[in-house]
Amino acid sequence: MAHVRRSRPAADTLGRRRALSVPITAGPLVRSLTERLGEDVEHLWTDEDTVEFQIDATRVIDVMTVLRDDPELAFFMLADAAGVDYGPTEHLEVVYHLYSWKHPAWLRVRARVNRADPRIASVTRLWEGAMFHEREMYDMMGIIFVGNRDLRRIYMSPDYRSFPQRKDFRLPDDAADSPAAGVNPLERPETWDLARFRDAPGVRTPALEAEDRATTAGELDGGGA
Amino acid sequence: MTTVDPDIRIPDPIELDAAEEARLRAAAGMMPSPAGPEYSGFEMVGIPDRPPQTEREREMYTLNEGEMLINLGPQHPSTHGVLRLVAKVRGEVIVDMDLVLGYLHRGIEKLSEYATYTAVLTYVDPMDYLSTMHNEHAPAIAFEKLYDIKAPPRAEYIRALVVELNRVFSHDLMMGFLALDMGGLTPILYSFIERDEVVELLSAISGQRMLFNFFRVGGVNWDVSDEFISRLSTWRSKVDKLIEMNEWMISENEIFTGRTKGLGVLSAERAISLGLTGPNLRASGVPFDVRKAHPYSIYHELEFDVITQQAGDSYARYMQRVAEIKQSIHLIDQIVDKMPHGPVQAQVPGIIRPKPGRRAYGAVESPRGLYSVYALSDGGPNPYRFRMRDPSFISLQAMPVMMPGLLLADTMAVISSLDPVMGGVDK
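Line by line, the protein sequences give chains A and B.
No gaps in the numbering here: position 51 of the first sequence is 51 in the numbering used here, and each next residue is one more.
Each number in the numbering used here corresponds to the 1-based position in the second sequence with 1000 added.
Hints in this document: simulated from the structure, not taken from any laboratory.
Hints are supplied without guarantee of correctness; some may be wrong.
One-sided excerpt, in silico: chain B residues whose CB lies under 10 Å from chain A [claimed, not checked]:
no., residue
1, Thr1054
2, Glu1059
3, Gly1102
4, Val1290
5, Arg1359
6, Arg1385
In silico EDC-like links for lysine to aspartate or glutamate, alpha-carbon gap of 16 Å or less [as the list claims (entries may be wrong)]:
no., chain 1, residue 1, chain 2, residue 2
7, B, Lys1355, A, Asp47
8, B, Lys1238, B, Asp1226
9, A, Lys167, B, Asp1378
10, B, Lys1110, A, Asp168
11, A, Lys167, B, Glu1113
Backbone N, C-alpha and C fix where the C-beta goes; we use that ideal spot for every residue, glycine too.
So that you can see chain B by itself, here it is in the shape it has in the complex:
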């Protein structure tokens, strides 16, 4: 680990006279510089133009000798959307980090209070846009509990099938993006080829390529056809080879392993305390998987183990995804074998009015962790309160914990190994 050199000196900031600074600020559309030398000047662009609001903010934005702020994002291709990171650095070494969110905030929770239960299932689609099926699964479970109805068995099997397919391509993209963020361009191309094949399958069943809008309260929108099953088996016959090829390009690559092993280590206790879930938590050795811990849908009928890694570093988080892709494919085999015949949708009225005062919690294991919905009914056609817990929102909190002591260039390797999707983070 690189140690911080206490004698490091940074050059004096560019000295601008007040008139010139005001002119440049106006030209850049910025507010006039507030009074006080510590808040003026272009070189301090990361510092907010206002006094700190909290103890932690004061600590973060107070610079000691030799420290400076580096602003990453929000328009940075490696931040997986519009995430802004403010890094306090001493030379190349990160001392502290602050996350600035909200650039993609659309207020989906509030909008959902103005939509019928059926319409809410379309609102949640663009949240975590790489796991759309999971986004719809949790509200579907919660609303079914609210309305006291169960989806038919075939619908539950189709649900499990599509969410596992979704998990395959989501983890697959994570492999490619992690390599891309460390300078390897090739794997992402293969990842997108694999993703496209899964997306083709899912669009054959749902009619959409990205925001599938496939789940309904009490079932799914369409039944799977025999043609779909045959296309699925064609995909199934090649997928092992494709995954193997992608893995072969990344997992043993010397540059990749050199840059990810031992990076961003989280202990099991710290990971639990930080609220990490999903592959990120299991990579730290905690065998928590909602599919096992609190089985929903048909997962209690399927055979699988909770995979864990022990290292808790970026490489372990990567290897965890690779293992989970293989596990998902194994689950898909079981689901297709066991799929019963029958209806795919229970009869549900177009406008659902659950009994007033009912409340329900639905949780699923999304590719990024525990994704849950808490819904309240007041007897009307719209949810009284609709709350979503997005796993990437919570797991981003690990960044300021993991980064101090690492190099600035490792930021992307760590954030990419957490696999956040800003659509879900900002809701």
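Next up, chain A with everything else stripped away, as it sits in the complex:
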């Protein structure tokens, strides 16, 4: 490895922002969005290569159908769907990234989901490929997708009772000052499911689990805040 040398950055590149390699103009897309979707578009925001807005979670199917089928918009591809947890006292969020031939920008659609009743309509009717995205979000975040006909856990085992990517699920850590230090993962209060033993050993359907979680999450929010 002696021949490999490390170059030092020149002074003119220090933190200076260059123009994006392919600058985009979001104007036509923003105009079409406000025209076609009207009041559904909230908090419209544009980045260098992304157009983003929030929608009401109850309107997700209507908005997505327009985005996909309207010839002016034509967002034919669901590039990504991800869940975000904003903490035990806040909400969950489902973030969709879409792509269209017509517009050279990524479109990001954010939908807030109530933590106490984490339900949102499934988009598997529009894109079959949303199935694994939604199963993963259910598995990791505990978001229930109404209308998804195969909402099983995908990574964790079927009898697992917690949601690892929620923010109140802390990783065990050897550090003494870690909030999860010395706590047995099964006894961590934030993952403790009060209905754990009530109906053992049968495995419960997502619908029943959601019911449980609604009560559990309510108690946790009240106690933790």
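Following the hints, complete the assembly by docking chain B onto the known chain A.
For chain B alone, kept in the frame of chain A given last:
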């Protein structure tokens, strides 16, 4: 296409008495058989030991007359890692298929929330372990957007160079593995010889042979030396011949074409709906390539076309890879010609703290398709949320769509043509 014979009878399952079954289950370390005749017995080993949770699961695990379940994997050499497939078959013909994932789940997304931005770039390496450079590219793009910084031009050229080299050996291995899964042992040996030459090149530049850890936020770790460029041109002078030889062994082989043509056909609409990307989508005739559709790095400065195939079958997916190897080599020529001089890393502090509330999406075209990262910052040194979209995870969903009506023996030919890597699927 083989038709299902409705009169086919399978022999009665082995009849075990309850005590003997309990003894055998205990000896095998299995749970006691739950109540209900439909959930007991060794012959039903694919059926979960519990009632179905969803409509689809009930449909999948309910057997009609003459049907049975065959369990493939997770420890099967042809499943490209630890993928478990449960096939519902009627005789030799597949009726339905279920995928069981999670055997390699390491929770990289969650772990990344506990690591600094720089350290996250090392965590993503072992995801899709055949396209490590691409794994690092997308987070690097996303974090640079978060932190409002750009890599110097030379660094962008070096990035493009290494990801195209990575694409060459990844597609090259796919050619060999596809042949291997259909019983041809020789091509994989040549594939590994070719891969080794590329890996030698990449290890000369990064110091690692598999998990390169080469990208940094704001640039790359090392500059390329003149010696590297000369080794690259030596490799370049022989690679066409090697690819040609491998292709000559596989592409025209009668057994290979007989087993892949017309197999696992996906229409363009279905492929888009299923979320397929990359070579799998282009083999169905959809010209979607992130390098063209949403150019990143320096791809807007390079000349190339989006290659597509029309057939959408396993053979088209194979031919698509062959064409993309040649295209990548063509791109490497352009990159080496155009590579500017200058620094390879912008000055970035050791611990990065992007402004709170910022969010960024970085997407690249990995050998398996659209690989993207969505990162959120809360102002701290670690990402608040780090989301990866792995293309093989999504493209595996095509299996239950393509398989019904095909023979059990074709499973491997179809799955191998999708080229999934379980490290990426399970994250």
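Each hint tested on the structure:
no.	hint	result
1	Thr1054	5 Å, holds
2	Glu1059	9 Å, holds
3	Gly1102	4 Å, holds
4	Val1290	9 Å, holds
5	Arg1359	8 Å, holds
6	Arg1385	5 Å, holds
7	B/Lys1355 <-> A/Asp47	14 Å, holds
8	B/Lys1238 <-> B/Asp1226	19 Å, violated
9	A/Lys167 <-> B/Asp1378	13 Å, holds
10	B/Lys1110 <-> A/Asp168	12 Å, holds
11	A/Lys167 <-> B/Glu1113	10 Å, holds
Hint compliance for this structure: hint 8 alone is broken.
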